[in-house]
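Peer 1: Residues per chain are reported as follows:
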Amino acid sequence: MNPQQSTKSKTQSEAKPLTMAAALNRAMRDALTENENVVIFGEDVGPLGGVFRITDGLNRDFGENRVWDSPLAESGIIGTAIGMAMYGLRPVVEMQFDAFSYPAFEQIVSHVAKAHNRTRGAVRLPMVIRIPTSGGIGGVEHHSDSSEAYWTHTPGLTVVTPSNPTDAYSMLLESIRSDDPIIFLEPKSHYWTKEPEATELEELPMNKARVVREGDDVTLISYGPTVALALKTAELGAAEGLSVEVIDLRSLSPFDDETVGASVRKTHRAAVLHEAAQFGGYGAEVAARVTEREFYHLASPILRITGADIPFPAPLLEKFYLPNPERILTALNSWNWED
Amino acid sequence: MNPQQSTKSKTQSEAKPLTMAAALNRAMRDALTENENVVIFGEDVGPLGGVFRITDGLNRDFGENRVWDSPLAESGIIGTAIGMAMYGLRPVVEMQFDAFSYPAFEQIVSHVAKAHNRTRGAVRLPMVIRIPTSGGIGGVEHHSDSSEAYWTHTPGLTVVTPSNPTDAYSMLLESIRSDDPIIFLEPKSHYWTKEPEATELEELPMNKARVVREGDDVTLISYGPTVALALKTAELGAAEGLSVEVIDLRSLSPFDDETVGASVRKTHRAAVLHEAAQFGGYGAEVAARVTEREFYHLASPILRITGADIPFPAPLLEKFYLPNPERILTALNSWNWED
Amino acid sequence: MSTILATPLPIELPDVEPLRLIGDTGKAVPAKQRHGFEIPELATLLGIYRSMVVARRWDTQVTALTRQGRLSTYPSARGQEASEIGTVSAMSPSDWLFPTYRDSIAVLTRGVPTAEILTGFRGDWHCGWNPHEHATAPQATPLATQVLHAVGFATAAKLKNDPIATVAFIGDGATSEGDAHEGFNFAGVWQAPTVFVIQNNQFAISVPYSKQTRARMLADRAIGYGIPGFHVDGNDAAAVYAVVTAALDRARRGDGPTIIECLTYRVEPHTNSDDPSRYRDASEVEKWRAKDPIERLERYLVSEGALNQSVRDEISEAAEATAKAMREALNQEPKLDPMELFENVYVTKRASLQAQQAALQTELDLDGDSKK
Amino acid sequence: MSTILATPLPIELPDVEPLRLIGDTGKAVPAKQRHGFEIPELATLLGIYRSMVVARRWDTQVTALTRQGRLSTYPSARGQEASEIGTVSAMSPSDWLFPTYRDSIAVLTRGVPTAEILTGFRGDWHCGWNPHEHATAPQATPLATQVLHAVGFATAAKLKNDPIATVAFIGDGATSEGDAHEGFNFAGVWQAPTVFVIQNNQFAISVPYSKQTRARMLADRAIGYGIPGFHVDGNDAAAVYAVVTAALDRARRGDGPTIIECLTYRVEPHTNSDDPSRYRDASEVEKWRAKDPIERLERYLVSEGALNQSVRDEISEAAEATAKAMREALNQEPKLDPMELFENVYVTKRASLQAQQAALQTELDLDGDSKK
Ligand SMILES: Cc1ncc(C[n+]2csc(CCOP(=O)(O)OP(=O)(O)O)c2C)c(N)n1
Ligand SMILES: Cc1ncc(C[n+]2csc(CCOP(=O)(O)OP(=O)(O)O)c2C)c(N)n1
Ligand SMILES: [Mg+2]
Ligand SMILES: [Mg+2]
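Protein chains in written order, with the working numbering: chain A, 1 to 339; chain B, 340 to 678; chain C, 679 to 1050; chain D, 1051 to 1422.
Please note that a few of the clues may not be correct.
[Stated by the list, open to error] Okay, derived cross-link-like pairs now, DSS-like style, lysine-lysine, Cα gap no bigger than 27 Å in a straight line: (1) D:K1082 x D:K1341; (2) B:K658 x B:K533; (3) A:K319 x C:K1013; (4) D:K1399 x D:K1385; (5) C:K1027 x A:K319; (6) B:K533 x B:K547; (7) B:K547 x C:K1027; (8) B:K571 x B:K533; (9) B:K658 x B:K571; (10) D:K1385 x B:K658; (11) A:K208 x A:K232; (12) A:K266 x A:K232; (13) A:K194 x A:K208; (14) D:K1399 x A:K208; (15) C:K1013 x C:K1027; (16) B:K571 x B:K547; (17) C:K705 x C:K965; (18) D:K1399 x B:K658.
[To be verified] Chain B is faced by these chain C residues, among others (derived, beta-carbon under 7 Å): (19) C805; (20) N808; (21) V829; (22) A834; (23) E860; (24) N1022; (25) V1025.
Keep in mind the hints are simulated off the structure, nothing from the lab. Here the structure is a predicted model, which means the values were calculated and not measured. For each residue, glycine too, the CB sits at the ideal point set by N, CA and C.
Looking at chain A on its own, in the form it has when it is part of the complex (with noise of 0.2 Å):
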């Protein structure tokens, strides 16, 4: 069976997930039963589900030798999910966390990102790297990295991440069909967010970024577990007479600069939100390259609104690190806004 054929949207009205954990569940399940050569495999993937059970029942229904627990060692995991890849498998690996991505960071930037380049295109790597990321839940150390800017300077990767349950399941389903490997992060804290009853989004491809929210005087460029604080921003902003104009990237690397070009051009100011440290974030090659090519349509400079450039805060101490709705309107209103 062509993967290709079974069409996206069919699969999944079929029975509408509420949670993203439910539907980059049903994604995968979907995924492993439209192509045989999709092997899920990891830390506690199998029978546990993984820690926040994103994997739940896939090892009972499609057996060991398509879902399984892997020996604890990122490195391996990747590493043997590339021999995998050569072969012609389609390997969706978990990362438990984004701090536990570091062991195996030189089998993802020195081979996963390298291979098809160094052989000339003899070589695909049709391979997902799933990583739980950022914070917002309380997360002892090393459970609330945002490792986005690590693997978004690496040429040779593909980075999405969703931030509603009708994005992850068609951004992941995507991502295992692609021919590319995939670092696909997850915002741990948005898992057990219900879709709204009432929402109804197009699909779109994962490269497309999406205006989530129309307004004019400014645009906010979030993605991830920040587009719910965006969209909470658009909300008191509008009480307040700002009109906030909100884009979920979705994909984080390749940017879509048609999408928040436009948009920029319309509102003249934007701000970029993450919860990763500032310092060489994400956010700098956002507002370097919206800058660069929207520069005379700019009114003020872009802001970042971010985490602080420390190591993320110990649980009790993270709302004064995350970004809040409050931090992101004061931040907006320093810009001269006579101009």
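Given the coordinates of chain A, assemble chains B, C and D with the ligands onto it according to the supplied hints.
Peer 2: Here is chains B, C and D with the ligands on its own, set in the frame of chain A:
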């Protein structure tokens, strides 16, 4: 003997080194002499003196207990250096090339960067991680990476890089004396560049940027291997009537906002140069932060003139990848100079 | 001699039972099965027993309060007291311990105050104690990384002719990480005075030993590093204490590192958020609960006449006092100072961080004002 | 049985000589010292000998041209021909090889054309051949990483009931890396059909075995993964071939992985830019040059009457032809297309990369114009 008592300038003037390699060697020699807690280890840094011979003679002169070859494992080198630094030693370790520091990524990001913060200042890790960085020497795959963006995005790390022998000496000595862990990037293409006889650079703390050439029309922000490139471009520019100010950042983290800001407020235009890929590269931070601070002084967007968003090319193709003076001048000419 | 190891291994190596000095039922193992080790003196064992009882009570209390949501997370070491306490009881105060998240009771036994241990699990800061004050490193979360720290620390001490040793705890799962290997190997080459105590509790979260490695036993790893390896009954505090003591002596004598595998079992869930019903039978857990290390040592002490009612009472009281202190520590509101977030990122102050700190202070001040 | 491994190891394990089937002087080792292995048939050995001679000539030629600066770098495998060729001669064409930078002669013997091997060392592209065409992965530079790829590939084949095996070469130094450990361990648990061939040439650039590990031998590592380990004379092509063949059979039978340590020596510098006088005695090198693996096999074949002058002549001619082809390949100007730099970074085309590609094209066009 208190290491802080010996003045840098004195030791240095005794025998001014000619190449950066010799300067670095002398800095380590002086550090080993002045402080018995300094130790040096890593792959091949003993009798061989390192693959670039930067530790030449140190094992012979200081013995196996001060300078020695470790087993071949980068995580092992960093991890054991952490333990030694906890004990009170000041390890100076070498990663043979940027790409071979990646196996140590977890130890660097999750421990080196975080131990002091984790323990509320109780545990200090005075260690220096030397990394020969960047391309330009026709190295085969994995021998020409520029890893600075990974380190500079990591709170807790200090990242510096010299561009000339004088700085190489003083900055390495200052790094070894520092109580913070330092990532010390050595532009390998300049190891054998000799200091022009005439140069008498002033001593400068390593956290300060240096204006290495004054100019009025544009600020070229460079560091490590791109400083010489920037200077060459400035020469060419001068011939065309373009007055280029060249800044050598020296410290990548922290960033010297004052020196760079002052220059940009004077020239109203800036470009940042580096070898690493552009997307999410260090130049993004430079462009973003300088724009944030100096937006109303900027006549045009800050340009990033960098490597392309591709893996570092094979030796015979690197010349197409590395920025060159013509490319830089062309880029500068892309600005609307009428503004 | 020219025998060769060039045949499949199962043929070469004999079956092995873990070393034990006191059997399941609390009886001393016959001398000829003790492989040269002696049962520690009663006074020593009584001290260990006392620490184990106190630790169990403390662990139980922490677990209960974690279930109530008072702590962010807590990985219990219930059932592993013989390994945990047997090990640290063999250490001298100046030897350094490199523990993991699992080893809170070992840290407690080292003398770190309750409140300082709970800091990390409650979430007011990452590490609550000053490692230099207690010769105890922060509890490592990134698996196996601490093994290398222990080797580096020990090597530094050796270079300085400082006669201390280090002990690194590591779990069975974590031995699969590259860092474990690098640590064992560096220690062998450098003859670092380090004792590696592998607590093989047979699970890494949900993953059983059989999916972790095909090694007969983890002690076998030692052979590949040219260092001694011991396979010890991890529920026999006497055996753990005796072997760790011998290994520490060896280390201090300059004879290098040792790997000690303590075979035990994690009777509790991995942490409070785990659900073991998904991956193991309750009956297996019950089997191991019956092999309780505290009961075993207690039976031995009783049979040797070393544990009378008044000692028992005293120990109970100490345990209750520790539990009470634990509850009280937790009842103290944590002192949270968001400004501290910026204080120790670097030793050398940074203007940019001070600016971020000031911005947060302004935000909090405004917030305070708006709430007035 | 309840023997125990609870004593320092040197007491437990016997001295071990590496397995050899043909001795230093070219004589067959007595049957009872062959540990169950048979000397391969003469026809097989003659084929191996032929490949070794060709490989030596090729390697010598490449080394010479590298000294002249015609290649960017070249790590010679001179003196390791028995390990390199003995191994790949045991493989079937559909088995996959995962080589390192050191193993060009193995890649050559697999049938990859000279020009395609030299691509990487000359520097026109990172890897010159299509791995799928030759069942040979790119030569790995990041040490030990390829071990995991070999395990993953083999596991995938096993999952698909595809009866192939994989072979990963790895150096003595690289066995210290975490990835080597993870690879051996994963292979054990998954019973991957992989053969790990450790070429212990006793140096990692300048670092001798004694600073790399305290293990008696690297084959001992196998014990800690519950898999078979063999310690083989890496200068005896017959032994290497026999043991690798047995291990591949085992793998294909579903009996899992094997570690084979080939004890040999790097007689050349690490690469052309190395200076061995800084770290080892020339006399040691001479000692090992005298143990030349080609001469040893030659003596055996001659003594068995399998190598007459006409065969020798034919082999010499083949070797010269290979060297000539090598020189010719290098005389071809490399085809360099800077536009290709952007073509295969992703399978899925990216607008941003196409823009960067176009910008470079414009720059080159302008440059071309300006030079007209
Ligand atoms: C590098 C890394 N990977 C993954 C994790 C997540 N994790 C925490 S504990 C654990 C299981 C560890 O098992 P084991 O080593 O046997 O120790 P135990 O918990 O049984 O004491 C895992 C996978 C981690 N902390 N660090
Ligand atoms: C991860 C990594 N670290 C360091 C290097 C640099 N390096 C290349 S070869 C080498 C020595 C390898 O020795 P060994 O594994 O014994 O192989 P040999 O060269 O002797 O064949 C080193 C340190 C590398 N390529 N990769
Ligand atoms: Mg365990
Ligand atoms: Mg070697």
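Peer 1: Now, for every hint given, state plainly whether the structure supports it.
Peer 2: Okay, the hints, checked on the actual structure:
no. : hint              : in the structure
1   : D:K1082 x D:K1341 : 23 Å, holds
2   : B:K658 x B:K533   : 22 Å, holds
3   : A:K319 x C:K1013  : 15 Å, holds
4   : D:K1399 x D:K1385 : 23 Å, holds
5   : C:K1027 x A:K319  : 24 Å, holds
6   : B:K533 x B:K547   : 23 Å, holds
7   : B:K547 x C:K1027  : 14 Å, holds
8   : B:K571 x B:K533   : 16 Å, holds
9   : B:K658 x B:K571   : 16 Å, holds
10  : D:K1385 x B:K658  : 15 Å, holds
11  : A:K208 x A:K232   : 22 Å, holds
12  : A:K266 x A:K232   : 21 Å, holds
13  : A:K194 x A:K208   : 23 Å, holds
14  : D:K1399 x A:K208  : 14 Å, holds
15  : C:K1013 x C:K1027 : 23 Å, holds
16  : B:K571 x B:K547   : 22 Å, holds
17  : C:K705 x C:K965   : 19 Å, holds
18  : D:K1399 x B:K658  : 24 Å, holds
19  : C805              : 5 Å, holds
20  : N808              : 4 Å, holds
21  : V829              : 5 Å, holds
22  : A834              : 4 Å, holds
23  : E860              : 4 Å, holds
24  : N1022             : 4 Å, holds
25  : V1025             : 4 Å, holds
In summary, the structure agrees with every hint in the numbered list given earlier.
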